[in-house]
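Chemist: Here are the chains, one letter per residue:
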Amino acid sequence: MSASQSAVRSRAEAVKVSRTFDWMILFTLFFVILGGYHIHYMLTGGDWDFWADWKDRRLWVTVAPIVSITFPAAVQACLWWRYRLPVGATICVLGLLLGEWINRYMNFWGWTYFPVNFCFPSNLMPGAILLDTILLLGGSMTLTAVVGGLAWGLVFYPGNWPIIAPLHVPVEYNGMMFTLADLQGYHYVRTGTPEYIRMVEKGTLRTFGKDVAPVSAFFSGFVSIIIYFLWHFFGKWFAKTDFISDEDL
Amino acid sequence: MKLIKDKVAKLSFVALLVTMTAAIFYTPTASAHGEKSQAAFMRMRTIHWFDLNWSKEEVAINDTMSISGKFHVFAGWPETVDKPEVSFLNIGIPGPVFIRAGSWIGGQLVPRSVSLELGETYDFKVLLRARRPGEWHVHSMMNVEGGGPIIGPGKWVTITGSMGEFTNPLTTLTGQQIDLETYALDSIYFWHAVWYAIGVAWLLFWVKRPMFIPRHIAISSGKAASLISANDKKVGMAFALGTVIMLGVTMGTTNEKYPVTTPLQAGLMRGIKWIEMPATTVDVKVEDATYRVPGRAMQMTLTITNNGDSPIRLGEFNTASVRFLDADVLEDESGYPDDLLAEEGLTVSDNSPWAPGETRTVSVTASDAAWEVYRLADLIYDPDSRFAGLLFFFDEDGNRQMTMVDAPLIPSFI
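If you're matching them up, the sequences are chains L and Y in order.
Under my numbering, think of the first position of the first sequence as 2, with each following residue one higher.
Under my numbering, think of the first position of the second sequence as 13, with each following residue one higher.
Everything labelled a hint here was simulated from the structure, so no lab data went into it.
Among the hints, a few may not be true.
[What the hints assert, rightly or not] Once the Cα atoms are required to be at most 25 Å apart in a straight line, the calculated SDA-like pairs of lysine to any residue come out as: (1) Lys237/L to His228/Y; (2) Lys220/Y to Thr29/L; (3) Lys167/Y to Glu345/Y; (4) Lys235/Y to Phe239/L; (5) Lys167/Y to Arg191/L; (6) Lys220/Y to Ala205/Y.
Throw the hints in and build the complete structure from the sequences for me.
Modeler: This is the structure in structure tokens:
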């Protein structure tokens, strides 16, 4: 068979090969994203995502969406630009959450015995669904950046509230008031994570009283828009075929 | 010749593979906390732990034990380490093998970071409840922001029983009785599973059709618009609206279920009470200090003046949690860890009692393998080659006085 001849001999065979490629690419893509996104999120979101006593209404709400919109933006850009597939954000978050759950269950609980109700990951899925559906419905990366990026920040806290609310119930302990999450942080000793490292409830949003989560979420959404723009360019750059010369094709 | 070379190469490769495979199966337990690796000057010149007591050496699951004692915050705190203005009384254990049921400094509960004063001495207590069976090295520890963990002495404690028996019962301020060990776990798994399933459904909707190659060909040939159908948009709209509605509903039901929630509690605790130590009546001047590397011994020339009204003798030199005792003056009865105790490690050239008003210059030698074992000898390689420690003097009635020493240290290599 010469180089100019087709590798398949019928349309049915072509479809079969194409589907095989689909599954191979999807499988590889999923686990590459899982690894890359997971490392990125551990390095940037880190403790905010690891521990229940870091999941506050100011900084967690602000930081987690900003640092997590990166890979979804890049993968969306690639999959939409090249394939019109509005699944970039969802596939990223599915990969990230699978990796995180394996890590939390096998390592945090299995090796070091931190209870899972203290080290569960944040839920990013609602934002991912909205990012993908806005891209599908709008067909525009700019619209997705502005509306989707804002939504990504805004829905983060509501998407996690049913999970973390039980841990924000107050408890009296030795004459002081804690949330149950605070008490988890105190009870389950982390030798390398002293209390002062915890970056929670810091900042200057004091004029909003107790309702700071929506303000933090809006701010997070605005910054997520900018980060989306930046990372979608990375995705487009990564999806270029300029690296391969025409002669090689 | 080539055949032999090939065989050697092949066998070497096999040996390498066998070695690497064998290494995978060698996974010793890491039980210590790197206390020996911490810079010697950090351990000598920051927090001095003394009078430590581990209430038990064996404890059953769910039972409690405590570590209590005192720590002195060294006035000559090194410039290279941030001052202990934000510090946290921690405990050095390999993960949550105990839960920290309580910790106090100066009688005050300290679940948060505290501000400590240089030159002051504090008493502390950490109450631990056994959670995971095994033999664990349990250290006192002070984390200092900008300085890192300053670890105190450690002692082996055995936990017996089964981890499955451990419970952490609490009653919330809303009257709910819970076991914090498993509390809300069902809800965490449930909501993650629900949202994950929605994500998988969205992905399956797209992957059930031809994906990469045909779609790429369609886009390359200008037919991108044909790839998204009206039905796709309807499904997309349903997912988007469904997500928003579900968020609203779950927020509402959660708020109904947990009407009382509070923000995470944080903040620095100031005004921690220190111990009002009696004014010392012993004046100690360090004339010189050398560390003799071959002999694993530190020698100090001290001019000691007794300004009190009863005779005193030097009984102990304590540095970096290693205790050098003069056995004629002091015998440890606290069960202090053997590896940190040099029961006859302190030699004084003339340790006859200093009479009231007497001044005498003596040569004091602190020698023990602990200098090497605990890598205190590495002090000579530190950026600020000074030593520091606590000297304990005793009168005839056993009354104790504590004095700090802090001076340059000159190494001697011969």
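Chemist: Each of the hints needs a verdict: does it hold here or not?
Modeler: Okay, the hints, checked on the actual structure:
1. Lys237/L to His228/Y: Distance ~15 Å between Lys237/L and His228/Y Cα, so the pair holds.
2. Lys220/Y to Thr29/L: holds, 17 Å
3. Lys167/Y to Glu345/Y: holds, 15 Å
4. Lys235/Y to Phe239/L: holds, 23 Å
5. Lys167/Y to Arg191/L: Judged against 25 Å, a Cα distance of about 18 Å means the pair holds.
6. Lys220/Y to Ala205/Y: Holds, at about 22 Å.
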